[in-house]
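Those sequence lines, one after another, are chains F and H. No gaps in the numbering here: position 352 of the first sequence is 352 in the working numbering, and each next residue is one more. No gaps in the numbering here: position 142 of the second sequence is 142 in the working numbering, and each next residue is one more.
Bear in mind the hints are in silico, worked out from the structure with no lab data behind them. Since the structure is predicted, the reported quantities are computational estimates derived from the model, not experimental observations. Check each hint, because a few of them may be wrong.
As the list claims (entries may be wrong) - In silico contact screen, one side only, chain H against chain F (beta carbon under 7 angstroms); selected entries:
#1 75
#2 110
#3 115
#4 177
All C-beta atoms, glycine included, are put in the ideal place defined by N, C-alpha and C.
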Amino acid sequence: MGETIFTRNRSVPIFIGALALLAIGVTILSEAYGTGALSVSFTKVLGMTLCLCLAALAMDLVWGYCGILSLGHFAFFGLGGYVIGMWLMTARTEAVIRANLEGRPLPPTEVEVSEATALQIFSVVGAEDWPWMWAASDNLALSLVLILLVPGALALVFGWLAFRSRVTGVYLSILTQAMTLALSLYLFQNDTGLRGNNGLSGLQNIPGAEGIGQDRISIWFFWASALALGLAYLGAAWLVSGKFGNIVRGVRDDELRVRFLGYPVEVYKLVIFTLSAMICGVAGALYYPQAGIINPDEIAPIASIYLAVWVAIGGRGRLYGAVLGAALVSLLSTYFTSGRAPDVELGFYRIEWVDWWPVLLGLGFVLVTLFAPKGLAGLVDFVVRKDRT
Amino acid sequence: MSTLLEVNGVSVSFDGFRAINNLSFAIGLPELRAVIGPNGAGKTTFMDIVTGKTKPDEGIVRWAESAQSLLSMTEAKIARAGIGRKFQRPTVFEDQTVWDNLRVALSKPRGPFAAMFDRVTPEDRKRIDEIAGEIGLSGHLSRMAGILSHGQKQWLEIGMLLAQDPKLLLVDEPAAGMTTEERNHTADLLKRLAKSHAVVVVEHDMDFVRRLDCRVTVLHEGSVLSEGSLDHVMADERVIEVYLGR
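Here chain F stands alone, though its shape is the one from the complex (with noise of 0.2 angstroms):
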């Protein structure tokens, strides 16, 4: 009965095993240390995978494990990549910015670089102010924090407001829309100072890194993205396979009963809805780096229920699950949205796959309800589990 995480979590050595295989694969296969075989924009989408994987293992947490269904992650996952691509796009608009003034007889003064960057940078919504929330902006440490720091208070505050008036279920998965929501119009607006329609652009470039190309940046951000899903996993199994573990689940399953033990039920949600908010805002600062822009519409409410059905697709309730289910979906989804499948002629009509994928995937959905209530990994218990009794 002694619990530690690899018993507890058998997944965990096979599921690290198969990442660093993955890593290494793909490094092997690069084109900035390898054979080249893979191009950087599919390296790119490799990274990217990897972070909605991160994105899902936190969504996991709350909803498989704690019951709790957000259809308001994205919220997070997007702040973190708006706090990380206000510092990008400020420090390589500045380095433009001072490179264009060398070379006058004068030097520039800082105010003038700060100046001339503003009007660069926002001139687009017409300002040429920095807003308020653009102070931490020139501070690349500062903006590593508040990485975690904004969407942790977003969810701190929200869920402290939300599960204090016992606020579950279906209502709470309405409001964490609602949240996400009113995050995206807030930001489409142009004097709300992150640019409106237009997002950050330009955030492939990385300050300090102008003579190295893409190919390299690109394997690199996929290294960071596999190491931060990597420990993000370990944190998560350890978190689960725990007497916390035991608690949220309790919480999920009867909440009566976890409260009539004496724990203060509202806060365990608020804990394990605040991490998962700040492991998705990780999650965002490491993927709009490698997409290269952000703007309002990722944050769109039908981001986070996508969120939702790769977890529900993969399974729920077992880490690895919501991994799969995040790197199958959203991988076929590239695939089937980017005109790479061919479509088919049926004589009377053509299915082409950029509308159809969709359709697909709302089938795909609607069999795993119905077949594999559990998810796609639901089936690794016909195989593993078999002496459990």
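Start from chain F and add chain H according to the hints.
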């Protein structure tokens, strides 16, 4: 024997319906008490009030040990103060092993960070084994709670209450759905527990109450109708009218 819980002049209405009407009740430590009454007499609402699930409109609920009012405390805080509650429907964590169920219930710090870094000590193991023996589930520790029989789930839930180390146990219809043998076992268990705890048992089944052999409180329309030994209350005209009349 000193008074442990004191309920005084408590009333609560739901949409104009007086579920509890000027109810007063006291129990000492140790004591076994059966609460009976027809459907809608307010038995479950009474437990809801004591455990903080329902806030009364008026009245006093006092935890004598600390001379504290329970009315301003959350359910979790009341539970930590020493009141354990068993629900009518067995509520255990079906997706977890019996051992895990008991471990979660063990009286240890309840905060999330304490739970994250909780280690199972030899004392914890000993306590879990003791409780499992007490509730007759020693051989089932590694089984999932969900596959236990109905009676075993009821015992597990009582075991979880014990692990909480409460002073007062509120037990709602423990014998419902049990075989005769299981009932006898349950009655013995409750009587044993009442040697060192205050135990309030809400029950419909008169044979079971007789077996408990304890003081009985009869509730009717939200207040105490009669109190005393089972034979005493069963001889009470008003009780007979409530149970047999109409």
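Do the hints match the structure? See the list:
1. 75: With a closest approach of 5 angstroms, the residue 75(H) hint holds.
2. 110: Hint holds; residue 110(H) Cβ to chain F Cβ min 5 angstroms, cut 7 angstroms.
3. 115: Where the cut-off is 7 angstroms and the nearest Cβ of chain F is about 4 angstroms from residue 115(H), the hint holds.
4. 177: violated, 18 angstroms
In terms of the numbered hints stated before, the structure departs from hint 4 and from no other.
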